[in-house]
Structure formats: structure tokens, C-alpha cells
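*Asks:* Take a look at the letters that make up each chain.
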Amino acid sequence: MARPKIVSLSEAIGQIQNGDMLTFGGFTVWRRPMAAIYELIRQKKRNLHLVEVNGGTHDDMLVGAGCVEIWESSWSGHELYGKFGGNLARKIEKNEILYEDWAHIHVLNRLTAGAKGLPFLPTYSAMGSDILNPENDNLGKAGLRDGSNPHIGKYKYVIYKEPFTHSEIVLVPAAKPDWCITHVQMAGKEGTVRVEGLKFSDQEVIKASKHNIIIAEQVVPEEYLRREPTQNMLPGYLVDYIVELPWGAHPTGLFGAYEPDGPFINNFFNATRTQEGFDQWAEEWIFGVKDFQEYLSKLGITRLEALRANPSLGYSSTLKRG
Amino acid sequence: MARPKIVSLSEAIGQIQNGDMLTFGGFTVWRRPMAAIYELIRQKKRNLHLVEVNGGTHDDMLVGAGCVEIWESSWSGHELYGKFGGNLARKIEKNEILYEDWAHIHVLNRLTAGAKGLPFLPTYSAMGSDILNPENDNLGKAGLRDGSNPHIGKYKYVIYKEPFTHSEIVLVPAAKPDWCITHVQMAGKEGTVRVEGLKFSDQEVIKASKHNIIIAEQVVPEEYLRREPTQNMLPGYLVDYIVELPWGAHPTGLFGAYEPDGPFINNFFNATRTQEGFDQWAEEWIFGVKDFQEYLSKLGITRLEALRANPSLGYSSTLKRG
Amino acid sequence: MEVKKGNSKIGEFKPIDLLACAAAREVRDGEIVFAGTGLPMLAIMLAQHTQAPTSVCIYESGSIDGRPIDLPTSVADARCSYQAAVAHGLTDVFEQLQSGKVDLAYLGGAEVDLYGNINTTFMGGPTGKRLTGSGGNTDIHSLAKRSVLIMPQINQKRRFVERVSYITSPGWRIPHWPDQEWVPKQEVYGPAFHGGPAAVISDMGVYRFDENGKMYLDTFHPGFTPEDCRDNCCFELNISRVKGETITPTYEELDLLRNTIDPEGIIIK
Amino acid sequence: MEVKKGNSKIGEFKPIDLLACAAAREVRDGEIVFAGTGLPMLAIMLAQHTQAPTSVCIYESGSIDGRPIDLPTSVADARCSYQAAVAHGLTDVFEQLQSGKVDLAYLGGAEVDLYGNINTTFMGGPTGKRLTGSGGNTDIHSLAKRSVLIMPQINQKRRFVERVSYITSPGWRIPHWPDQEWVPKQEVYGPAFHGGPAAVISDMGVYRFDENGKMYLDTFHPGFTPEDCRDNCCFELNISRVKGETITPTYEELDLLRNTIDPEGIIIK
Numbered sequence: 001m002a003r004p005k006i007v008s009l010s011e012a013i014g015q016i017q018n019g020d021m022l023t024f025g026g027f028t029v030w031r032r033p034m035a036a037i038y039e040l041i042r043q044k045k046r047n048l049h050l051v052e053v054n055g056g057t058h059d060d061m062l063v064g065a066g067c068v069e070i071w072e073s074s075w076s077g078h079e080l081y082g083k084f085g086g087n088l089a090r091k092i093e094k095n096e097i098l099y100e101d102w103a104h105i106h107v108l109n110r111l112t113a114g115a116k117g118l119p120f121l122p123t124y125s126a127m128g129s130d131i132l133n134p135e136n137d138n139l140g141k142a143g144l145r146d147g148s149n150p151h152i153g154k155y156k157y158v159i160y161k162e163p164f165t166h167s168e169i170v171l172v173p174a175a176k177p178d179w180c181i182t183h184v185q186m187a188g189k190e191g192t193v194r195v196e197g198l199k200f201s202d203q204e205v206i207k208a209s210k211h212n213i214i215i216a217e218q219v220v221p222e223e224y225l226r227r228e229p230t231q232n233m234l235p236g237y238l239v240d241y242i243v244e245l246p247w248g249a250h251p252t253g254l255f256g257a258y259e260p261d262g263p264f265i266n267n268f269f270n271a272t273r274t275q276e277g278f279d280q281w282a283e284e285w286i287f288g289v290k291d292f293q294e295y296l297s298k299l300g301i302t303r304l305e306a307l308r309a310n311p312s313l314g315y316s317s318t319l320k321r322g
Numbered sequence: 001m002a003r004p005k006i007v008s009l010s011e012a013i014g015q016i017q018n019g020d021m022l023t024f025g026g027f028t029v030w031r032r033p034m035a036a037i038y039e040l041i042r043q044k045k046r047n048l049h050l051v052e053v054n055g056g057t058h059d060d061m062l063v064g065a066g067c068v069e070i071w072e073s074s075w076s077g078h079e080l081y082g083k084f085g086g087n088l089a090r091k092i093e094k095n096e097i098l099y100e101d102w103a104h105i106h107v108l109n110r111l112t113a114g115a116k117g118l119p120f121l122p123t124y125s126a127m128g129s130d131i132l133n134p135e136n137d138n139l140g141k142a143g144l145r146d147g148s149n150p151h152i153g154k155y156k157y158v159i160y161k162e163p164f165t166h167s168e169i170v171l172v173p174a175a176k177p178d179w180c181i182t183h184v185q186m187a188g189k190e191g192t193v194r195v196e197g198l199k200f201s202d203q204e205v206i207k208a209s210k211h212n213i214i215i216a217e218q219v220v221p222e223e224y225l226r227r228e229p230t231q232n233m234l235p236g237y238l239v240d241y242i243v244e245l246p247w248g249a250h251p252t253g254l255f256g257a258y259e260p261d262g263p264f265i266n267n268f269f270n271a272t273r274t275q276e277g278f279d280q281w282a283e284e285w286i287f288g289v290k291d292f293q294e295y296l297s298k299l300g301i302t303r304l305e306a307l308r309a310n311p312s313l314g315y316s317s318t319l320k321r322g
Numbered sequence: 001m002e003v004k005k006g007n008s009k010i011g012e013f014k015p016i017d018l019l020a021c022a023a024a025r026e027v028r029d030g031e032i033v034f035a036g037t038g039l040p041m042l043a044i045m046l047a048q049h050t051q052a053p054t055s056v057c058i059y060e061s062g063s064i065d066g067r068p069i070d071l072p073t074s075v076a077d078a079r080c081s082y083q084a085a086v087a088h089g090l091t092d093v094f095e096q097l098q099s100g101k102v103d104l105a106y107l108g109g110a111e112v113d114l115y116g117n118i119n120t121t122f123m124g125g126p127t128g129k130r131l132t133g134s135g136g137n138t139d140i141h142s143l144a145k146r147s148v149l150i151m152p153q154i155n156q157k158r159r160f161v162e163r164v165s166y167i168t169s170p171g172w173r174i175p176h177w178p179d180q181e182w183v184p185k186q187e188v189y190g191p192a193f194h195g196g197p198a199a200v201i202s203d204m205g206v207y208r209f210d211e212n213g214k215m216y217l218d219t220f221h222p223g224f225t226p227e228d229c230r231d232n233c234c235f236e237l238n239i240s241r242v243k244g245e246t247i248t249p250t251y252e253e254l255d256l257l258r259n260t261i262d263p264e265g266i267i268i269k
Numbered sequence: 001m002e003v004k005k006g007n008s009k010i011g012e013f014k015p016i017d018l019l020a021c022a023a024a025r026e027v028r029d030g031e032i033v034f035a036g037t038g039l040p041m042l043a044i045m046l047a048q049h050t051q052a053p054t055s056v057c058i059y060e061s062g063s064i065d066g067r068p069i070d071l072p073t074s075v076a077d078a079r080c081s082y083q084a085a086v087a088h089g090l091t092d093v094f095e096q097l098q099s100g101k102v103d104l105a106y107l108g109g110a111e112v113d114l115y116g117n118i119n120t121t122f123m124g125g126p127t128g129k130r131l132t133g134s135g136g137n138t139d140i141h142s143l144a145k146r147s148v149l150i151m152p153q154i155n156q157k158r159r160f161v162e163r164v165s166y167i168t169s170p171g172w173r174i175p176h177w178p179d180q181e182w183v184p185k186q187e188v189y190g191p192a193f194h195g196g197p198a199a200v201i202s203d204m205g206v207y208r209f210d211e212n213g214k215m216y217l218d219t220f221h222p223g224f225t226p227e228d229c230r231d232n233c234c235f236e237l238n239i240s241r242v243k244g245e246t247i248t249p250t251y252e253e254l255d256l257l258r259n260t261i262d263p264e265g266i267i268i269k
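Chains as they are written, first to last, in the working numbering: chain L, 1 to 322; chain E, 1 to 322; chain Z, 1 to 269; chain B, 1 to 269.
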């Protein structure tokens, strides 16, 4: 297992193939690898299979751009900046996408099972909900649980009468994405990864994935991170590619660095009420710029600086929110 | 759920009843709650049921003192300071104790299942070993798997042919000890707990337990710990009692504070070659002193200071080891 | 400045003030509370400033017992972790939830039904209007000891239904899969049964659940009658157990909401 | 001071030096290695100083890729975490082990048998002499891709047996429970089969395992003959595939062991 390569964003994203299963670090509109999302769309990836603990602005962009064939998660929306995932909702309503709804714990268990080398993990969550209604096993109904796709479990779930207390419990199958893309505050030159603030479910989803791309706000000396190994999240041998990209999570937020860009996300959400609206938005913000640097220049320093966090708080003390 | 009480060691240990199931934080000869072990012996607890990820100097003392009816773990010894658990080995060889052998992952899974509110967790570890030989299900052979003891699973384990990949996998039952006693570097006045250095399996075993006693090397202002919530291990509502006791892990080691007292442990190990040897040792070091303060005075400042860690390293740079 | 004592009168508070205060009063001191974005944040913070100073707030993104000095706008907001006891992640807090450590949880939904089942996935079922999906809603409603739903009701009668069009989160009576037989929640959850929906708080009244897990009117908000509440449900609401009017916010509660908890006017516009 | 080039001769190294060097040579550069207390620590540190500079050492207590400047005396020793990439705990490293990320593991034991089964629990079975028990021995031997056993053999013939008296850790042929039928490891482990015992290194020779999972002599240490090795096993050791003498430690390896890795003489007395 060699050390990770430090490469350009386009080179890292270029490794991802059409049809691959992807997951992402972060949580809703926080610490999402947005620069990588834009690049996936620019490189016109197709038939991607997303499996996520929860979605957010990032996955709705991929869905709107036609990159996604299968969406599996528990949620999609933009927190207070947009009521739901506009592109996902439209495509679900028009039967233009395959989707599977899960509880938070279900997807977390699926990826944790992948990380642990287990075929399944049990949970009591969501029993009696329509998430477990056999009628709503959409991948099953589409005939995709025939074992031909290694990323799709033979069953959505199995209810198991366990022998120890004789309760019924839900077993969900392991998920092992081909790729996980995660934005973090710091990575060392040998690939040691540090996340500041909440880790969400990053350790689980990264360990579950065959390959990992880490987008680091900053690459720092390895020795600096190793002074406090209890504060690091991952060793370098779990990382394939490292990309250094300041502001790379914009318009989502990065603890200790910058706030989510609420108006930007809200403007995106409003655009997604129609496919045309999204296409125009993508033309302006994704295809209309050559790369992420041009995107940042288009946003401008004033807009970005207004999002900068106050180091004593981890968030901005000046941002107008009311 | 009220805040934890800050109490004396004897008051905290006084809450533990004969027959209770106990587990402990730490790993082999590191960060063990030794002062609490001495107090358990002084208070003559009986019929305790130990379930531990691994044992060490601490559990062999409890076994030697006749406090333990059932021992369940993966290991007992003193690292380089003593080849095996002398008291445990003798009592096993003389059929004077009930024991159940496990793999590390088995016990870790049993306590993690308890922490997660699950009846079991799966693992592939130790398949084909005599740990899983039905002949070696000692609690079963003793007729204790009849459901009358809530701490003893109906089965030691179940081999399950799982439906997703059709592999055989081992399901081990949850363990939920009545008490976990853990020595840590710092606890806040409201009970927030911080462990420096390796966490071992402390989070899992503490969360699995109904009640928790935290022995803190130092009690610190709550606000101090809350400046860095990512570095804290537990919130106060999971803790019942806090005891402040410097050097409370001696003769085991405490990261960043002091080394294990190798000669002390080795001397203990040599004493345990016979019951009489252990009894004499206990008379001198446990019953011969009124409390832990007197124990520390008996050890003396010179011996203790020789173990003190160098803050730049987390261990002693002067201790003679060769 | 001295804050007036006593309870405010109609006209002195907004509907959202009453919602926040009624929700806050559900918390008992020392309880472990799961809260989500929006009104629940106001409610738990208000409770901590009043009758439940040692109650603990957990956000599903992983922060535990934060002491925000600025109102968070999402559960992963950096503001949630300020002076928190612990800030790890989802595995930590969801395992505490599943093992029965969460006393109370605040939830919302697009639809709620007679048995406290919640829908946040599809209005009108899988062929209807797509919403966000569950997120942690189903996990929390499944596994918390008590959940409190905060719902708009005025001119939103369609949100209070006999049976939700999609069960995102299970209430007191639920289908047992795969046989689809409707049974009490406890029969399905067995040893993992910790409780269920305790109250629904709307902008018209406070609703609770009886021995059979059916919703009934507990108190109606000032300006409404029990009949108004019943007429704004799509099912025959039991109003026979009504205790009277919902207690209005105290001046102290209003002052806390406006000047301490949400001075920026993020939720309380 | 300039270190002599080339390999040392008999009399210039101790048996333990050869053990450490032979063990170190099992590591390929870049591999993820699980190591325990004692000789394994010398072996992995020596490998990192020689042919495997980017190999990573994991200790089961939770430290990953530490760069100790002082030799640890246990896997939870604070020295293990010095300049480590990560220092969490058991769950982290055991899940990496179970998911097949560990290339090589060093283990010891009281007994090893023809199929690489290890005993660290009872000499003579459950009615015999009690030892420490498994610890992580069985987890690691079960789930690592290759394990290397380091065993004393001189005057310890009883440690090399046809079948261990208690299988703490499963080798290439193991019983399938509950039917007790002896089968190849792969049949029992299915998708979790990552490999098994690769070598046994004693103070007399280096042993490997054939297509059928049976131990054979690969090289014999200087001063011994293949027959000496065979005569110090309680089973009929296959010496027909012997390659020759074990390569002796280089002067550089000896210098590293004595002056860089264990200058305090903790393991190399």
C-alpha cells in the first residue's frame, strides 16, 4: 500500500468511472466536497450510484446534472436554505431516477458494516415505517437485486428473529462504495487526515470505501499532525489521492474556516424548481467557469471573506443571518 | 438524569453489590483503576462477575482475593512484568473459578452491542478455534445459560448463515455490566470526561454499563474541557460517581502522567505463584494500609516520582528499563 | 431592565411564541433531549433557561450538551458545538438513542395521523409530492422515550389525518412487516421499545395520546375553541378530555426568546 | 562511526539477533503490519530501517504508524503513540483487521502445530497448565493476510506438535463447529478469508506452509542441520524442500538492533 498521491482536482476526479458507486464525507450543508462535485459534473460522469448517510446541496447538483442513476440515502435538502432537494424531488416525481429511501441508522449501518468487513449490521430503527414496506423496495422492483450488481444487496433488508432475546430486528446489507470524496481542514504530506469540529460519519464512510479522495483546505507538514495523533481521523494508507483546495467546500460550511453561503444555496434551490432553471444555473456556475479557481474569482473576495469564521468561535460573528 | 456526584472512593465502591457484573476501562497494565480494585478487595466484595475486553494486574488481584465468581475475558497477564495471571491460572487449574474464554473482538462486540442497545453483534473472528468449541462453553456446562441470570446469554454464541452473502458468521450476545470503573486523566465538575492518549475500548465499555464510576487523576473546571469538545470522551450524564485520586492507577501506567511500576507488578506476579504468597502480598499492600493515601505514603515519593512522565513524550525519559 | 412578571395576553405574543413556550414546557429538568433545526432549538434553549436548567441537548450530527451563545441554523452548525461536552459524530449519538438514553425528542412533519405516525417523505404517498425524506426523523421517533411533534395547523387541516399517506416515522400503531398487520408499536419493538409520541403541539392546541395510542385534545390555544381544533383535523378528534386553555407565554419567556435566544430574529421573524 | 558491510559470521550474532532479522525480512515495503510486544517490535522497526521504510505498524491497543524513538515494552506503551498517524482504540484497528487491510502480523505462542494452529491458552488442553489466553492472537491469526510466528525451539521440541492441545488461533486446517469436521480455513471463513500462517521463525530455522497448509522447513540457521530441525519437532517435519542456510544478520542490521532500536537492551539482553 503506497503513500497517497497529491494531485490536481481534475486528475483525481478523472479516476472515477461512469457507473461507480460514490459516497461523500460531511453532513447536509456542512463540509461537502463541492469543488469535486462541480468537477464530476464538468467531466460529465454518468450512471453514478450514490449511497449516503444523508444528502444535501451536493447530491442534488449531481442529480440535476444527470450524473446519477441510483440514489440511496435518508434525506436530501438544504437545511434552512431550501426545503428539499429540488432536482431529486422532480426526478422522483417524474420517474426519472432510481431511488431507495432509508433511515439515518440504516445507511450508517450499511457503511459501517462495509468498514468492518461484515456482511450486515442490525438495528431496531424504523420498524413499522414505509421505509421497510416491501412495496417500497424500488431496486428490488426494478429487478436489480439479482446479484448481478455487487453494490446492490440481495435483499433491501432482512427481518431476523434473533436467538438471544427472540426480538425481531432489521439486518441491512453492507455497502462498499468504489469512492468516497471528503473535504477536510488538514491533510499531511503522507496522507494523515485531520478533521476539526464534528466528524459526522466520515470515519465510517471513508473506511467502507475502496478508494478515497481527500480534498484538504490545507496540506500541512506530516510531523505537525503527528504531534497529536489522538486528534487525527485517518492514517495515510487509507487515502489514494489528496487535493489541496482552499474554499473547496463552498457553498457548504467548514468548521473553523467558513460558514455555508446561505443565499448562494437558496438561489440554487430556487433554480432547481425546473430542469431549465437548474441548467441555466449550471451553465453560469459550473460550465461557465473553467475550473474551481475561476469559480472563486467569480464569487469574489468580498463574498468569500464575509463567510470567514472567527477562530475563537469556529463560526462567523459578523455574518448577517436574521 | 442528574449530574454525577463527586464522592470519596469508599463511598463510590460502597454502591457496588456482591454478585454485580463489573468491567473496567484501560488495557492490560495501562490506565487501570487500581485504587478502586484495592477498595473492592478491602470492602470484601464477593461473587463478582467480570466481563472484560482484556484483563491484567487488576483482575488477577480481584481473583486472588476471592472477589470473583465468574471471569469472562480474552486475556490475563502483566505484559513483560509477569507471564500470566497467576491467581487466575491457579484457580482455573484447581477448578476454583468459573471462566469463559473469548477473542478480543468477541468481548469488544459483546460490550459494543450493549452500548448500542443491540442483542448481539457479528464477527468472523476465531472461527475454528477452541474458544468456540461447544465443549468449552463453561457457563453452559455449569447450567448457567437457563435465562435465570440476565448477565449470562442463552447461548455463548450462535453461528448464523447470513442471507446476504451466505457466509457463516459468529453472533455474540450483548453484555451490559452493572458497573464500569475507569481511571482517566481529567473529569469536569459536571462530569465531562477526557482521556489523553489511547482510548482503548473505554467508550464502548462505559456506554455498555448501567452505572459508571470515573476515577479522575484530576478534577478540572468544566469550562476548560468544553473548550475542545472533540477531545472529550463522554458527557456527564453517563457518569454516576466521580472520585478525584492522583496516582490512582498505580502500579499500572497513565499516559502523560506516569509509567507502569514494573518491579511492583513483577513482585506481585511472583507472589501469586501460591495463594499464600498472594495473601501475604495483600496483607502488606491492601489490608495493611488504611486507604489509598496510606498506600501512596508506603510507596514513597521517590518511587512514585521515578515513574513520572516527561510531558514532551508522554512517558519517562529517565526510567531504567533495560 | 426589569422584566414584567406573569403571563402575557392575546396580542402580546405571536403564534410562534406560544408554540415555542408550549414545546419548552414538555422538558423535565435533567432530561436528555434530541432536537432538530428551527423551533425545537428555541424550545430546548428556552427550557434550559427556565424549568430545566440541567437538561441536555443532543443534535443528531453529534454535538452533546452544547451551550450556544448564538442560535444555530442547522444541527451541524458550528454554533451547536460551542462549549459542548462532546462533539464526535452520528454513531455516538444514534447508539445512545437506540440504547434508550434519550428521554425526549422534538420532531416535525408534513403529516401526522391519529396514532402519531409522521410523514416527511411523500405528500400523497410514493406517487405524490416528494419531500426531504426521513433524515433522523424515523430513527428518533422509533427510539426516543417521548417525542413531541411541532406542526402548523391553521389552514393546514390536511396535515392532521386519519392515516398518513406514507409512514416515515412509526407512531403508536404501525404495520408489522412483511405481513402488514397493524399492531401496537410495543409488539413490533420488543426489548427496543422505549416509548412513542407524547404530544403534538400546533398553532391551535396541544394534543396528547390516550391508552390506545389515539390523539386527543389536551389544551386549546387562546382565541380558539376545542371545536376549532377538531374541525381542523381530517379525523374525528377526541375533545372530551380537554383540560382548558393553553397557558400563554410569560413575559420572562417572551423576553428570553427575543433578547437572549433569538435576538437576530432568525426563527422568530 | 563506519559500520562494516556484509553478513556477520557465527559467534558475531546472538540467536535473538537472527530471529529478529529473519522476522524483519518477511515485511515488504508499504505493507500494513500488526505487531505485538517483544521480538515483533524489533522486527518491524528493523524492517522499517531497512527494506520496508514505508511499511506501517499497527498495535492492537489502537496506535497506527507510530515512530517510537524509544523501544516500547507493551502495545499500549505511550512510546507506541509517539509521532503516530492515529491513536484511537481497539474498534478502529480491529475493524481494519477484519476488513482485510492487514498484510502481515507477528504472533507468538506456547505451541504451534503442523497446520499453523497456535495455542496460547492451555498447555495440555483445558485440564492442563493455564496460560494468558488469546488476547488478540486469535483475532489477528484469523483475519490477517499473512502471519509470522516467532517461537523458541531449541530444547523446546514440545512446542512443535502434530496438533496443538488447544486451538487458540486457527491455522490452515481447522474444525468446523459444531460438527467438528476438519476442513481448510477458507471453507470456514468464506468472504472473510484473507490468508493464514505464512512462516514460523524459530531459533533453529525458518518454516513455511505448502499447498495443503502443512509446515515444511525452508531454511535452517547456521550451526544446525535440517535433521536437527526435524528432530526438534514432535511431528514428521518435511525437510525435502529446504533451500539452504538462513542468511545471517548483516553488520548493519546488528548495529541498528543494538544502537538504534534497542540500545537499552530491553529485548536484546
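Fair warning: there could be bad hints in the mix.
[Unchecked claim] Derived CB-CB ranges, DEER-like: (1) L:Ala306 <-> E:Tyr224: 28 to 36 Å; (2) Z:Arg158 <-> L:Asp146: 36 to 44 Å; (3) B:Val183 <-> L:Lys161: 52 to 60 Å; (4) E:Lys210 <-> L:Arg273: 49 to 57 Å.
By construction, these hints were calculated from the structure, which means they are not laboratory data. The model shown is predicted, which means the values in this text are computed figures rather than measured ones. Note that the Cβ used here is the ideal one computed from N, Cα and C, for glycine as well.
*Asks:* Run every hint past the structure and note whether it holds.
*Replies:* Against the structure, the hints:
For L:Ala306 and E:Tyr224, the hinted distance range of 28 to 36 Å is satisfied, since their beta carbons lie about 32 Å from each other. Distance hint check for Z:Arg158 and L:Asp146: the Cβ-Cβ separation is about 40 Å, which falls inside the suggested range of 36 to 44 Å. Between B:Val183 and L:Lys161 the CB atoms are about 29 Å apart, so this pair departs from the stated range of 52 to 60 Å. Between E:Lys210 and L:Arg273 the C-beta distance comes to about 52 Å, which sits within the given range of 49 to 57 Å.
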